[in-house]
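S.K.: Start from the sequences and build out the full structure, keeping to the hints where you can.
Residue 354 in full-length UniProt numbering sits at position 354 of the sequence shown, and the numbers go up by one each step.
Fair warning: there could be bad hints in the mix.
Label-pair distances were calculated between CB atoms; the ranges are [as the list claims (entries may be wrong)]: (1) 221 <-> 132: 49 to 57 Å; (2) 110 <-> 170: 22 to 30 Å; (3) 392 <-> 221: 18 to 26 Å; (4) 286 <-> 482: 56 to 64 Å; (5) 134 <-> 220: 52 to 60 Å; (6) 103 <-> 220: 35 to 43 Å; (7) 375 <-> 282: 33 to 41 Å.
No lab work stands behind these hints, which were simulated from the structure alone. These numbers were taken from a predicted model, which means no experiment stands behind them. Just so you know, even glycine gets a beta-carbon here, dropped at the ideal spot from N, CA and C.
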Amino acid sequence: MGLSYEVIKGITKRGYKVPTPIQRKTIPLILEGRDVVAMAKTGSGKTACFLIPLFERLKRRDPTKGARALILSPTRELAVQTYKFIKELGKFMDLKTILVLGGDSMDSQFSAIHTCPDIIVATPGRFLHLCVEMDLKLSSVEYIVFDEADRLFEMGFGEQLNETLHRLPQSRQMVLFSATLPKLLVDFARAGLSDPVLIRLDVESKLPDALSLKFVYCRSDDRYTTLVTLLKYVIPQDAQTVVFAGTQHHVELISFILTGCGITNTSVYSSLDPSARKINTAKFVNKKVSVLIVTDVAARGIDIPNLDYVVNLHFPGKPKLFVHRVGRCARAGRTGTAFSIFSMEDSAHVLDLHLFLNREFNINDSTVIGTVPQELLEEEHLTVMEIKKNHNISGVLRTSENAYKKYLSSRPVASTDSNARVKKLKFFALKPLNDFIEQAIPKLADAAKSGSKKSVEQLAEEERRLQEQKHELLLQMKSFKPHNTIFELNNSQKSVPYQIMKAKRSQHSE
1 MGLSYEVIKG
11 ITKRGYKVPT
21 PIQRKTIPLI
31 LEGRDVVAMA
41 KTGSGKTACF
51 LIPLFERLKR
61 RDPTKGARAL
71 ILSPTRELAV
81 QTYKFIKELG
91 KFMDLKTILV
101 LGGDSMDSQF
111 SAIHTCPDII
121 VATPGRFLHL
131 CVEMDLKLSS
141 VEYIVFDEAD
151 RLFEMGFGEQ
161 LNETLHRLPQ
171 SRQMVLFSAT
181 LPKLLVDFAR
191 AGLSDPVLIR
201 LDVESKLPDA
211 LSLKFVYCRS
221 DDRYTTLVTL
231 LKYVIPQDAQ
241 TVVFAGTQHH
251 VELISFILTG
261 CGITNTSVYS
271 SLDPSARKIN
281 TAKFVNKKVS
291 VLIVTDVAAR
301 GIDIPNLDYV
311 VNLHFPGKPK
321 LFVHRVGRCA
331 RAGRTGTAFS
341 IFSMEDSAHV
351 LDLHLFLNRE
361 FNINDSTVIG
371 TVPQELLEEE
381 HLTVMEIKKN
391 HNISGVLRTS
401 ENAYKKYLSS
411 RPVASTDSNA
421 RVKKLKFFAL
431 KPLNDFIEQA
441 IPKLADAAKS
451 GSKKSVEQLA
461 EEERRLQEQK
471 HELLLQMKSF
481 KPHNTIFELN
491 NSQKSVPYQI
501 MKAKRSQHSE
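M.R.: The following block contains the structure:
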């Protein structure tokens, strides 16, 4: 790519060896000075796509001018991550970077602007506020990046972005990175970019090859118990796991339940105080806790490079949202697993997802879809019920129940075809998911510790057969239809109840 020694040294120091597909496509074009709109999913290496050309363009410190590069991010967390990445990747570049965030001291930001930085990383609201208050001239800006541009518009920053755009010189180079391409963003790109190049690398329906998808079916009332069972018996305790909740009201309830079950966790949601969000995110990234509970809004600004597991506690209404959630793990050559807990009200959306991903939905494949073994569910059910009865969380429980109703009503409706197909599927006949049988049975764990591989395999097979026998028996019980009603039990054929029911049955059979 013809990069300078300082840039190559920073890339090598960071441990990068081979560029990702999005980097191979975008970096040469940006280096040529073209305006670019790139659609890239989380974990694709998009940050380096705009930082490497930025370093090549600015070269070295120039205190005689104002800021020459501006990077706008939708959230504090993403802006901070970008700022840190600039420091790491640009370690050998003589460039000054400042961070401008809402909620931080205005005075310190005034002072930082007066130092004539080369690069400004900012959130749109606070940056425009500074521009107005300081009557800041942006004539020196020659390179501007809109990171997660779709999210910028979703969060209502459209007006601030347009106002910022009007303050920039016509000669600037603009780069937009986005996971999706909504109409507002298309209109903005047409108005602000000069002959842009669109780069799209199958971002909407492509999942990492090393990512395993698992679906756990349960009754809606058993959703939290199923989550606890997953975290205690299947997912390793030292694994980094992100749990996606439908609303921020559920985040608090989940945290109470997991804490009560002895599972260390922390949480991040959009209305949480910025400093608390920063602290909680750091706890998870630094592995002080193993579980991070998030909402979709809050998660977009968090980057976790070594994520092992994702759990969808509440199934998303859009397949694209599912891809955004689970695409956070199995990155950079690592393997990962995404567990999706779903109930009958989610089943049509599960079918829609498989159509979107062009995957077959095989209800009989217990390696991919199944239930929790009943004995494990019962074991954790009592604990979860006790926590729910705690008077300290009665208000949280009530609020989360109302929030779930709203979540379901506001969620996009599944397709007509999927709703029709669901009625023909026998979800009640699902077998236990293999992951539970293989990892959740205590005697298998004991056998594994003894080092006898053969005995573990034998016990696993025995347990699998036992579970299947139990499953068949339960199915027979569910499908059993008695010939007589309760009124006819222990009554002679001459009794009044018996004669009434006999007449009723003959009437219906006519």
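S.K.: Evaluate each hint against the coordinates.
M.R.: Hint-by-hint comparison with the structure:
A C-beta distance of roughly 53 Å is found between residue 221 and residue 132, which places it inside the suggested range of 49 to 57 Å. For the hinted restraint 22 to 30 Å between residue 110 and residue 170, the CB-CB distance of approximately 28 Å keeps it satisfied. Between residue 392 and residue 221 the CB atoms are about 21 Å apart, so this pair conforms to the stated range of 18 to 26 Å. The given range of 56 to 64 Å is respected by residue 286 and residue 482, whose C-beta atoms sit roughly 60 Å from each other.
For the pair residue 134 and residue 220, the supplied restraint of 52 to 60 Å holds, since their beta-carbon distance comes to about 54 Å. A beta carbon spacing of about 38 Å between residue 103 and residue 220 agrees with the range 35 to 43 Å that was offered as a hint. The hinted window of 33 to 41 Å between residue 375 and residue 282 holds, with their beta carbons roughly 38 Å apart.
Checked against the numbered hints above, the structure breaks none of them.
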